[in-house]
Amino acid sequence: MEVALAVNGDDSCKKSGLIIACLESADNQSLKFYHGTSQSLNTVESVVHPGNPGAHLWKKMCLLRCKLHIQLPLYASGFDNPSDYSRQLEAAFSNLIKKLRGDALYCIVEGSSTTPRKVVSGIFKDSDNFHQSGNKSHTTQGDSQCSDFCPSSVFTSSHGLQMPMPLNFVLLIHQSLEKGINLAPFAEYLPANGEAILRVLNLDLDIISVAHRELSVHEAISSLILTALTDQLYAMRDMLLEEIPEHPELCSYVFCPPGFAHPISCIYNLNYGESEFKTVEWRKLLHQRLSLPMDRPLLRRANALSFTQNEFGAQKQGTQRLSNVHVNMPTSSGVVGGQCSLIHGSYEYYHYLQDSFNDSGWGCAYRSLQTIFSWFKLQNYTVLDVPMHGKIQEILVKIGDKEPSFKGSQNWIGAIELSFVLDELLGVSSKILNVRSGAEVPEKCRELALHFETQGTPVMIGGGVLAYTLLGVDYNDTTGDCAFLILDPHYTGGEDLRTIWAGGWCGWKKPVNSKGEEFFLRDKFYNFLLPQRPNTI
Amino acid sequence: MVRAVCGEQTYVEEYVDSVLQSGVTLQFGLAIGRLSSGSGRDVIFSLIPTPKNEGGDVARFEGEPPREIDKKKGIKGKSVTQTLQIDIDWVAEHARQVSKMLVGGIRVLGCFILASESVFKASAPLLWQTSKMVALALDEGSSKAALDDLLLLHFSFGPRRTLCRNCSFESGYGSSSIRPCEWKAAKMFSNLHCISCMYNFDCRVPIYANESSKQQLLDILLSAIAVEARLIESAVVLSDGCLVGEDKALIGDVDHKVDLLLPFESSRDYKNGAVTGLAMLSGSIQACAYGFSRDPWTRVIADLKADIIKSMKSRLEILRDEIDGMLQDQKVTAGGESSLNPLRQTENNAEFRYKLPRRLFFPWLEGVFLCDYLQEGESLQDVSGRIKELLNVDKSLQESEILEYEQDGAVKARSFWDVTAGIADTDEKSKQKVLNTSVVVSKNFVAIGVLSFLVLVLSVLATYFLGIRRILKG
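Protein chains in written order, with the UniProt record's numbering: chain A, 1 to 537; chain B, 1 to 474.
Calculated directly from the structure, the hints in this document are not laboratory data. Where is the CB? At the ideal position from N, CA and C, for every residue including glycine. Just to be clear, a hint being listed does not mean it is correct.
Claimed, not checked - Here chain A is said to cover these stretches of chain B; the calculated rule only asks that three of the stretch's residues, wherever they fall, bring their Cβ under 8 Å from a Cβ of chain A:
| id | stretch |
| --- | --- |
| 1 | 85–95 |
| 2 | 270–284 |
| 3 | 402–408 |
Unchecked claim - The calculated SDA-like cross-link candidates involving lysine to any residue, where the alpha carbons are at most 25 Å apart (straight line), are:
| id | chain 1 | residue 1 | chain 2 | residue 2 |
| --- | --- | --- | --- | --- |
| 4 | A | Lys391 | A | Trp362 |
| 5 | B | Lys412 | B | Glu233 |
| 6 | B | Lys271 | A | Trp362 |
| 7 | A | Lys179 | B | Glu265 |
| 8 | B | Lys313 | B | Gly409 |
| 9 | A | Lys67 | B | Ser266 |
| 10 | A | Lys99 | B | Glu233 |
| 11 | B | Lys257 | A | Ala104 |
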């Protein structure tokens with residue numbers, strides 16, 4: 001087993017080293033961990049938590065966060081050529097970084113609203129210098145630990161991960177220091193003597209760190225918070241060295257993409273919109289760096305964490321809608337030896353009589369559309385609200401598909417109309433599968449299974465009959481046996497999972513059930529609406 | 001709600017008694033005190049009579065002395081034909097000057113008049129007018145929409161009475177303009193404590209090339225102070241290392257020295273553009289504010305912050321008065337071109353540095369310190385004279401009594417690019433220079449070294465060959 005140790009020039013590596021993970025051998029899938037410094041390589045014991053690793057992690061660790069808005073005035077003789085302003089830019093940034101480690105920096109630690117804010121003073125030097133200077137009684141007994149301030153509340157990321165609310169740090173500068181000479185005020189005028197242009201840089205730093213709960217607050221600030229801020233400043237400086245737009249605005253956002261147990265932060269140049277080429281290229285690069293899937297948006301600004309209690313989005317309409325009602329269902333599909341292909345991601349269950357709106361008898365397709373729309377919203381493809389019936393009708397009138405009299409009516413809509421609305425509101429294109437007779441539906445199983453495997457979006461079943469939402473298929477391609485996971489929008493009851501399951505409002509349906517009843521009627525035609533997942537990031 | 005006011009026993013009531021005993025029957029001046037926090041009583045600490053204006057009394061009677069009513073003849077004459085005249089402009093100017101000397105929490109709360117009842121009744125509109133002019137003088141430069149109400153204390157004799165009234169200036173003089181207030185007297189200096197702090201600041205204003213209205217530098221600096229004021233509002237205050245002002249705590253029974261903390265790199269509203277220069281106001285200000293033991297921190301901190309801003313403004317105003325005064329004299333004496341003080345110029349090309357007046361504190365009453373500003377070239381005598389005149393203080397100031405926190409020193413010269421790039425750049429530049437010179441020097445040494453080595457080699461070779469030749473020859 002060969003291990004290549006790449007220690008970069010950073011001094012901190014000389015003490016802390018790198019953690020290396022490697023496979024024991026080509027056949028064995030287990031990982032072994034080593035701690036390597038420039039002098040030695042030692043084995044590290046690892047413990048695997050197959051259950052909920054997040055819970056174990058956050059019992060011992062906590063999150064630290066610091067948001068800083070900096071408005072940096074940059075003076076240079078010109079801004080067309082990097083050589084004109086690069087020296088001034090570097091000097092301005094190194095000045096800022098010096099201030100971070102200066103004598104006048106103070107920090108307020110904020111936990112939850114119940115614990116009082118505390119000011120941490122003292123000089124926060126680099127960990128190297130700190131140790132060299134002989135540990136001047138900064139770690140006294142009175143020093144508080146991060147755990148003293150940890151809020152007890154948690155927040156949930158959009159992928160269901162639960163994390164503790166972070167400790168907030170606010171940076172301040174001491175304006176009343178009395179050392180050296182405190183000169184009485186004086187007025188000065190300094191002429192520029194040549195070309196001088198001022199450009200204001202707006203920098204929004206947002207750093208997040210993971211720290212052990214028993215770490216002292218002072219050490220946390222000097223080794224984690226200030227180091228992270230410095231790193232972000234250097235990253236922003238490098239972005240600005242390439243080009244400085246007229247009104248530079250760099251902003252850091254915090255994300256928690258799937259597969260990560262902790263948040264990460266990314267810097268975006270707000271001068272370019274979300275869909276502009278430069279931003280898309282930048283996002284592609286970030287996706288590649290983090291090994292994230294390249295076909296769904298995970299690092300758009302809409303996905304950024306804002307650390308409110310309920311990241312899933314407030315239930316604006318007041319009702320607590322159920323999500324993912326097919327999960328943990330007690331009944332099975334009844335197909336033996338079949339391959340189950342289900343919807344990916346999350347959705348919300350929309351059905352009759354919700355939001356105190358009586359659409360019983362005519363609104364089933366509308367409700368199915370709302371379920372599909374909620375899927376796109378929860379997968380962060382859009383920030384728009386799920387449209388109500390009126391809005392849906394409005395859109396169909398607006399694009400010319402329906403007469404103005406359609407608005408306010410109780411007319412049905414079909415798969416075609418749904419595809420129009422999805423295209424208009426979300427830019428989502430859809431495939432339509434026409435089936436002339438209910439008896440032919442099982443033949444389409446293979447295609448539907450492929451849809452769920454590749455696209456994973458919910459499917460709407462419309463046509464000459466009632467509308468349904470299809471969440472998955474269970475298909476045995478040898479025997480031809482199949483079952484369809486149907487979510488029925490005709491449900492008129494309350495938001496109770498057991499009732500929904502017991503009544504079969506969400507359940508596996510076979511084309512012909514045990515009593516011989518057909519689910520898909522042979523004399524009716526069916527249209528399947530297959531929304532295509534936008535292949536964008 | 002009736003305004004409730006409490007006057008200091010010694011310096012208000014007993015002062016008036018002593019004035020009456022000395023035979024004075026008419027006096028006008030200012031009432032200095034502190035507004036209450038919340039619903040308590042406003043406090044008057046002391047009365048300061050307005051000094052004479054070049055020998056003439058500020059308040060005097062014009063007209064004939066009162067005639068006896070001829071009871072026999074039944075002629076109904078006016079018992080008083082004298083009318084009260086007050087030098088309103090002088091009073092307002094006095095108020096403005098005294099207000100500069102007051103520290104945080106203490107302000108000119110109104111005026112007082114020592115006169116008989118009848119005089120007061122007859123001159124109420126005039127007194128209201130005077131109060132209004134004082135309010136205008138105190139309000140100068142502030143951004144408030146309406147003038148604050150001022151108190152009007154009336155001390156009458158025969159019988160000796162104190163009447164306190166509130167003057168409001170929302171509309172013209174009317175029946176509701178002067179309203180009575182509750183008055184009582186008590187001793188109150190014992191509970192007063194001082195909160196002080198040193199505030200370092202570095203205020204920069206870029207002067208843009210394309211600004212249509214060329215402002216004078218002085219006005220630019222005054223607007224810079226407005227920006228600084230907003231920053232100071234957001235400052236967090238530390239006392240003994242703990243945050244204060246966040247809850248409802250009271251200041252307690254001791255004096256405090258506090259620290260002000262501002263958010264890191266707080267924004268100062270710069271705009272993009274071509275810049276011709278940088279106007280800067282920097283240095284350290286010692287500020288202080290007084291509060292009672294039972295006052296909440298929030299109130300005293302607000303007073304302290306207001307004191308910082310007022311001190312900055314006062315210094316610029318003092319300079320402005322002086323420059324304007326010099327300008328007047330120059331215009332009078334030399335009819336030709338007068339060189340404008342750089343602060344008053346609109347087109348600025350030359351670099352300059354100007355020290356602002358320095359603040360010093362002197363003891364006033366019962367341990368309360370007030371302040372004055374020492375300008376360039378002034379001495380302790382000048383300050384002492386000013387205090388005596390403005391505050392009606394008898395004894396001269398001793399040097400040992402004066403407290404100076406702001407230091408006088410030479411201001412280092414620096415250039416535009418030094419300041420805008422930051423210290424790092426100048427360090428780099430000087431390091432570069434040192435590096436360059438050392439490289440040059442070492443290059444020279446190398447050259448010398450190489451030359452000398454060559455010379456050595458040549459001489460060795462030469463001796464060798466010469467030696468060989470000799471051997472070959474001989």
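Each hint tested on the structure:
| no. | hint | result |
| --- | --- | --- |
| 1 | 85–95 | violated (count 0) |
| 2 | 270–284 | holds (count 15) |
| 3 | 402–408 | holds (count 4) |
| 4 | Lys391(A) <-> Trp362(A) | holds (16 Å) |
| 5 | Lys412(B) <-> Glu233(B) | violated (30 Å) |
| 6 | Lys271(B) <-> Trp362(A) | violated (58 Å) |
| 7 | Lys179(A) <-> Glu265(B) | holds (21 Å) |
| 8 | Lys313(B) <-> Gly409(B) | holds (21 Å) |
| 9 | Lys67(A) <-> Ser266(B) | holds (13 Å) |
| 10 | Lys99(A) <-> Glu233(B) | holds (22 Å) |
| 11 | Lys257(B) <-> Ala104(A) | holds (17 Å) |
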